[in-house]
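Once you know that position 591 of the sequence shown is 591 in the UniProt record's numbering, the rest is easy, because the numbers rise by one and skip nothing.
Read the hints as simulated data drawn from the structure, not as lab findings.
Treat the hints with care, as some may be off.
Stated by the list, open to error - If you anchor each label on the Cβ, the simulated ranges turn out as follows:
#1 Phe-758 / Leu-571: 19 to 25 Å
#2 Thr-712 / Gln-582: 27 to 33 Å
#3 Trp-634 / Glu-385: 55 to 61 Å
#4 Glu-385 / Ser-455: 19 to 25 Å
#5 Ala-422 / Thr-194: 40 to 46 Å
#6 Gly-459 / Val-740: 50 to 56 Å
Stated by the list, open to error - The calculated SDA-like cross-link candidates involving lysine to any residue, where the alpha carbons are at most 25 Å apart (straight line), are:
#7 Lys-252 / Asn-41
#8 Lys-445 / Glu-461
#9 Lys-715 / Ser-532
#10 Lys-602 / Arg-700
#11 Lys-315 / Glu-289
#12 Lys-697 / Ser-532
#13 Lys-715 / Tyr-363
#14 Lys-574 / Glu-306
#15 Lys-322 / Pro-145
#16 Lys-445 / Thr-421
#17 Lys-697 / Ile-493
#18 Lys-753 / Phe-742
#19 Lys-167 / Asn-41
#20 Lys-715 / Val-485
#21 Lys-753 / Val-485
#22 Lys-315 / Ala-197
#23 Lys-410 / Gly-292
#24 Lys-574 / Lys-648
#25 Lys-715 / Thr-744
#26 Lys-439 / Ser-532
These numbers were taken from a predicted model, which means no experiment stands behind them.
Built from N, CA and C at the ideal position, the CB exists for glycine as well.
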Amino acid sequence: MTSVSCKTRLSKYTKSTVVDWDLLRSLPDKRPAQQRSKPNNAAYIIFTSGSTGEPEGVIIEHRSYCSAAIGHGRHMNMSANTRALQFGSYNFAGAIMEMLMTMIYGGCICIPSEEQRGSQLVQTIRELDANWAFLTSTILAKMSPEEVPSLQTINIGGEPIRSSQIKQWASHGNRTLRQTYGSAETAAVVSSATLSASSGTGDVGTATTGRYWIVHPDDHDELVPVGAPGEVIVEGPTIRRHYIGDTERSAKAFISPPAWRSSFGSPLAASRFYKTGDLATYNQDGSIELLGRKDTQVKLRGQRIETREVEYHAKLSSPAVKDAVVELVKLQGSQSRGSELVGFLVIDTDGEIVDLQRPGDEYVMNTALNELTRTAIRRTQVHLETVLPHWMTPSVFIPLWKLPLTVSGKTDRRRLRQMGTALSPQDLEGLRIATRGAKRLPRTKAEYQLRALWSQTLGVEADSIGVDDSFFRLGGDSIAAMKLVGAARGVGISLAVADIFRNPVLSAQAHVEANSVQEIDKEPLAPFSMLSHSHTLNDLRNELGDLCGLEAPFVDDAYPCTALQEGLLSLTAKRTGDYTMQAVLELPDYVELEGLQTAWEKVVSLTLILRTKIVYSHQLGAIVQVVCNEGINWERATSLDDYIDRDKTVRMGMGDRLSRLAFVDGDGKKSKFMVWTLHHALYDGFTIPLVLDMVRKAYRDDPIPKRTEFNTFVKSTVQEQVIDDATAYWQSYLANGEHVNFPTLPVLSKEPKADDSFVYNLPLNVKTTEATASTLLRAATALMIS
1 MTSVSCKTRL
11 SKYTKSTVVD
21 WDLLRSLPDK
31 RPAQQRSKPN
41 NAAYIIFTSG
51 STGEPEGVII
61 EHRSYCSAAI
71 GHGRHMNMSA
81 NTRALQFGSY
91 NFAGAIMEML
101 MTMIYGGCIC
111 IPSEEQRGSQ
121 LVQTIRELDA
131 NWAFLTSTIL
141 AKMSPEEVPS
151 LQTINIGGEP
161 IRSSQIKQWA
171 SHGNRTLRQT
181 YGSAETAAVV
191 SSATLSASSG
201 TGDVGTATTG
211 RYWIVHPDDH
221 DELVPVGAPG
231 EVIVEGPTIR
241 RHYIGDTERS
251 AKAFISPPAW
261 RSSFGSPLAA
271 SRFYKTGDLA
281 TYNQDGSIEL
291 LGRKDTQVKL
301 RGQRIETREV
311 EYHAKLSSPA
321 VKDAVVELVK
331 LQGSQSRGSE
341 LVGFLVIDTD
351 GEIVDLQRPG
361 DEYVMNTALN
371 ELTRTAIRRT
381 QVHLETVLPH
391 WMTPSVFIPL
401 WKLPLTVSGK
411 TDRRRLRQMG
421 TALSPQDLEG
431 LRIATRGAKR
441 LPRTKAEYQL
451 RALWSQTLGV
461 EADSIGVDDS
471 FFRLGGDSIA
481 AMKLVGAARG
491 VGISLAVADI
501 FRNPVLSAQA
511 HVEANSVQEI
521 DKEPLAPFSM
531 LSHSHTLNDL
541 RNELGDLCGL
551 EAPFVDDAYP
561 CTALQEGLLS
571 LTAKRTGDYT
581 MQAVLELPDY
591 VELEGLQTAW
601 EKVVSLTLIL
611 RTKIVYSHQL
621 GAIVQVVCNE
631 GINWERATSL
641 DDYIDRDKTV
651 RMGMGDRLSR
661 LAFVDGDGKK
671 SKFMVWTLHH
681 ALYDGFTIPL
691 VLDMVRKAYR
701 DDPIPKRTEF
711 NTFVKSTVQE
721 QVIDDATAYW
731 QSYLANGEHV
741 NFPTLPVLSK
751 EPKADDSFVY
761 NLPLNVKTTE
771 ATASTLLRAA
781 TALMIS
């Protein structure tokens, strides 16, 4: 007790001692100090909710906290002149720092009441003349620099600072704005960074009371390169012992020194290793840039989504959007099988609060939104659809008065998910109608057909689909898109997966489908119609025939090559055998060679690309592809190995056959083989199975469906000079760049030929990205040598 008046009030309940100046003066002047605490004794226990929402007990030792406080206090401007605002809840690790660190440095702790901490915070800071504070970015958003002139050091922790706050506070007067990084597991703070107006929202500086290591998110035994994203591991004496009563969780979070640690000298004294669950990259100066948490990366219909990225863009969408949180929520009546991406938007209603309060809910607005709120949500939706992939756009936006907070001042994401789940299907539909308007019904035959196909593919009631709905907002993904293409083909509608991704809205898809039908119904292209020349057609056919080793009447058509075809043929010219395929097909005993030969002849006669040669025409001054009217030059052999070796040496260049076929008897054995040699200028990954299917049908005398010829594709890509946006961007971006030759050759004109090889197994998790393995490796190589 510190007050005599309180002693009488408690006298009948318990014994009490009043500690006042009279008692202190009565104590002996000298008394031997009793040193009972040791550095490894527990200093305090704190429970934190963690990312799971379940309480986790934390034991922090004296040495851990002293290392953190003494090592980092000076970086946070802590001194005897500090007047620290004790804002944090007592179950928040930041509150321990506000009290113990301040006392260690001889400062003054300014403790507001619960009422002052809530609705009177700005006024209280002024009255207490607090000059130092540790706040979350959510709390900082409730005040401005002009309102709290005494605050000279502002430390942000618990959640990332916002870019708007950096610009607002970092350049205001002589204040120091710092972003800290740490957790209850690390005795609060491990590092901090002084922010300037140009700082990033993830900048947390270099470790002061330990070391940072960045490892593969799924394997802490693998370090990632500088600049690559990974999970942060903290090493140092400030790491706590373990989680109380949770051996399994402790083993996952607090790990033994990984094998790679021995390559960097001895560990720090009394060090432990803690896996934070945070994702970051190393900067060149040794600092780290936080990217988010592993548990904020959600997976929706096979796509990984970083919710903080969506939140960032949502906050930029409209001045009326004061804050935004994106979560994966299981909505009532959701048409998809899983959860949906939901956007929670704090809307500034500009004082219009009448009839907007949702009964019994202090956070969610009524679905009868005012025009300002509807406009803000529409703008957010349009902005996100413009700057982000479709799967990163929330399917519904829920307007809020304010964000729910945890006792530590952080955004209560768990509460938001519960609020989203509690909304009825009628509430959700009301929000959708209020922000998008009532559904427009189909009007054209194509729209009705596609609506039925969407309903069949997505398992959605047809009546609930409007022409302004998005395929992906209703639960579609890449797999569903492929199913839709197949279903459309079954009813005679021409639709490609690319069409669906480019035009996810039903009305736009119907327009594409109508145009596609019109395009397919056009007459075949007239021979030589894609060539511009001043010579007579007879002269041109004579030249092309000579180049192909044919009489002029056997030249059926000619048209430009694609850039890829020209490039592939030029590479083969440098080294025979490059970019050619030798497919060896073992033939069952029941296959009749004569019937198979007839089937191939029929397929080749129907497929122009298999009768194509590539030549350079002097009359045209260009490389063109020539469709030749000639049969297959069948070859026969008795040894498979000998034929394959000999066939590899046969030239495939300008004017040569680019498709060859042979029968091999199989070295006197019963096995028979067919060898198909084909240049890559004539095929891709889709071509081979299509051709073999046509041969199979021809062998059985089944009808062969008519397919679009390659010259139609050439017309759309070559004659119209279509360059996609990505190609145009990179051509412009790299126009004046410095290019690196790797490896450097002794003579630039020398054609290199590999005489040795090195094999290295590189673990590559391609499934976590949309890029192919080839694209990832090429990009990594380019970054390495640039």
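For this session: Hint by hint, work out which the structure violates, then give me just those numbers in ascending order.
Result: Going through the list in order, the structure violates hints 12, 13, 14, 16, 19, 21, 25, 26 and respects the others.
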